[in-house]
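Undergrad: For reference, the chains in residue letters:
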Amino acid sequence: MKSAYLTEREIDLELLIERVESADRGAVVTFLGTVRNHHAGREVERLEYSAYGPMAELECERIRIEAEKQWGAAVALEHRIGALGIGDVSVAIAAAAPHRDEAFTACRYVIEELKRRVPIWKREHYVDGTVAWVDPTTAVKIED
Amino acid sequence: MKSAYLTEREIDLELLIERVESADRGAVVTFLGTVRNHHAGREVERLEYSAYGPMAELECERIRIEAEKQWGAAVALEHRIGALGIGDVSVAIAAAAPHRDEAFTACRYVIEELKRRVPIWKREHYVDGTVAWVDPTTAVKIED
Amino acid sequence: MAEKLTLNVRFLARYAELVGTDSATVTLSSPASVADVLGVLRSTFPGARRLPDRPLCAINLSQVDLASPVAEGDELALLPPVAGG
Amino acid sequence: MAEKLTLNVRFLARYAELVGTDSATVTLSSPASVADVLGVLRSTFPGARRLPDRPLCAINLSQVDLASPVAEGDELALLPPVAGG
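Residue numbers (my numbering), protein chains in the order written: chain A, 1 to 144; chain B, 1 to 144; chain C, 1 to 85; chain D, 1 to 85.
None of these hints come from the bench; they were simulated from the model.
Keep in mind that the hints are not guaranteed to be accurate.
[Unchecked claim] Below, a list of computed lysine-lysine pairs in the DSS-like style, where the Cα atoms sit at most 30 angstroms apart:
id	chain 1	residue 1	chain 2	residue 2
1	B	K115	B	K69
2	A	K115	A	K69
3	A	K69	B	K115
4	A	K69	B	K69
[As the list claims (entries may be wrong)] Covered stretches of chain D (chain B as the covering partner; in silico rule of three or more C-beta atoms under 8 angstroms from a C-beta of chain B):
id	segment
5	6-14
6	38-48
[Unchecked claim] Short, incomplete list of chain B residues facing chain A, as computed with Cβ under 10 angstroms:
id	residue
7	E21
8	S90
9	C107
For every residue, glycine included, the Cβ atom is placed at its ideal position computed from N, Cα and C.
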């Protein structure tokens with residue numbers, strides 16, 4: 001299976017943009033999620049993303065198609081899997097549309113749905129040596 | 001005067017992103033405006049952007065500071081001046097914030113205010129050989 | 001004699017740690033629901049008793065609820081709350 | 001004898017084409033408003049009569065309205081509707 005949405009390598013935003021831009025799309029909105037050095041009050045050193053690969057690929061594909069249909073946009077996205085350090089890009093989305101309203105809305109839709117539906121998990125290593133799975137449903141504040 | 005916001009050269013989005021990203025900002029939203037091949041029903045071949053340079057620089061600076069203050073974001077932007085062809089990037093904005101909501105909102109604010117306030121003008125050359133200044137206040141539909 | 005059905009179960013991420021394995025093959029009487037499979041898992045794997053009452057579940061890569069029926073050869077995945085992005 | 005003041009006027013983009021020049025030096029009696037300067041421009045440059053009644057104006061790089069006073073040495077810019085982005 002060609003892994004179109006999940007990657008173990010560094011994400012190249014320019015490549016995603018190239019895949020969506022065209023002469024009749026005047027607006028491109030991108031979103032980059034990067035690894036922060038703190039989370040829910042704790043100092044993060046590095047983390048690992050893992051996925052239920054085949055389902056994650058399928059959900060990303062579904063979300064891309066939904067966004068493209070709903071806003072007449074062209075959408076590309078990639079999520080990094082494996083070990084990441086502070087500042088590394090974990091997810092990148094590019095949405096292009098004739099006008100900016102659709103590009104912004106499509107890009108926002110994709111990140112919201114990705115966070116809600118795509119089976120990807122995050123294991124954080126903290127500066128104090130401890131490790132924890134991130135659970136957005138129980139953490140006091142998870143909004144990144 | 002150092003021309004920080006207007007440029008006659010190709011805009012490098014990666015450089016703008018580098019200027020705003022940091023270890024405590026987990027979200028980066030960018031906007032790219034590109035030259036479309038049609039506008040208000042006419043086929044565009046190329047165009048020229050011109051500016052009231054010193055005021056355009058000042059308005060961009062004001063808008064950047066407003067966005068940074070209002071949403072705790074880091075913002076960078078550049079607008080291209082001179083001759084552009086179809087698909088060329090005319091404006092690029094990068095907004096980084098700890099969380100995505102602020103990054104999206106700051107980025108959107110900057111492009112809306114830029115289009116409303118920054119003294120930049122666009123002269124379109126159409127495929128039929130005619131030329132026109134674009135006037136968003138009179139055009140039937142200008143929304144790009 | 002009741003018909004039997006066999007399916008593959010995947011435990012993802014933290015659930016693999018809880019249960020102590022990342023996959024299992026379960027055989028039970030047909031017809032059966034996702035909830036029935038969870039019952040079998042809880043009686044087979046002590047660690048599975050620590051799963052939430054209503055974990056996120058997917059059959060063959062699509063999300064389902066506990067009442068959904070399972071069929072011969074299905075892949076049932078138990079998913080912790082997702083945390084991508 | 002009324003005091004005089006001199007200021008620089010910039011015609012931007014399409015307005016430079018309308019007026020036939022991109023800048024002018026205007027001297028008029030003090031005190032004076034932006035509207036007064038526009039009056040002088042319309043009587044000096046035939047092309048300036050084709051400017052809108054209430055063009056966008058900036059003094060020293062900040063937007064102002066027609067009633068705003070002008071001062072010696074100001075740069076008054078007349079700006080067509082902006083179209084950046």
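Undergrad: Hint by hint, say whether it matches the structure.
TA: Hint-by-hint comparison with the structure:
Under the criterion of a C-alpha separation no larger than 30 angstroms, the hint pairing B:K115 with B:K69 is consistent with the structure, at around 20 angstroms. Restraint check for A:K115 and A:K69: satisfied, since their Cα atoms lie roughly 20 angstroms apart, inside the 30 angstroms limit. Taking the CA atoms of A:K69 and B:K115, the gap is near 28 angstroms; set against the 30 angstroms cutoff, the hint holds. A distance of roughly 36 angstroms separates the Cα atoms of A:K69 and B:K69; the hinted pair therefore is violated under the 30 angstroms criterion.
With a threshold of 8 angstroms between beta carbons, the proposed coverage of the segment 6-14 of chain D by chain B holds, since 4 of its residues qualify and at least three are required. For a cut-off of 8 angstroms, the count of residues in the segment 38-48 of chain D with a CB near a CB of chain B stands at 0, and the three-residue condition is violated. Because the beta carbon of B:E21 sits about 6 angstroms from the nearest beta carbon in chain A, less than 10 angstroms, this interface hint is met. The beta carbon of B:S90 comes within 9 angstroms of a beta carbon in chain A, closer than 10 angstroms, and the hint placing it at the interface holds.
Because the closest C-beta pair between B:C107 and chain A is about 8 angstroms apart, less than 10 angstroms, the hint holds.
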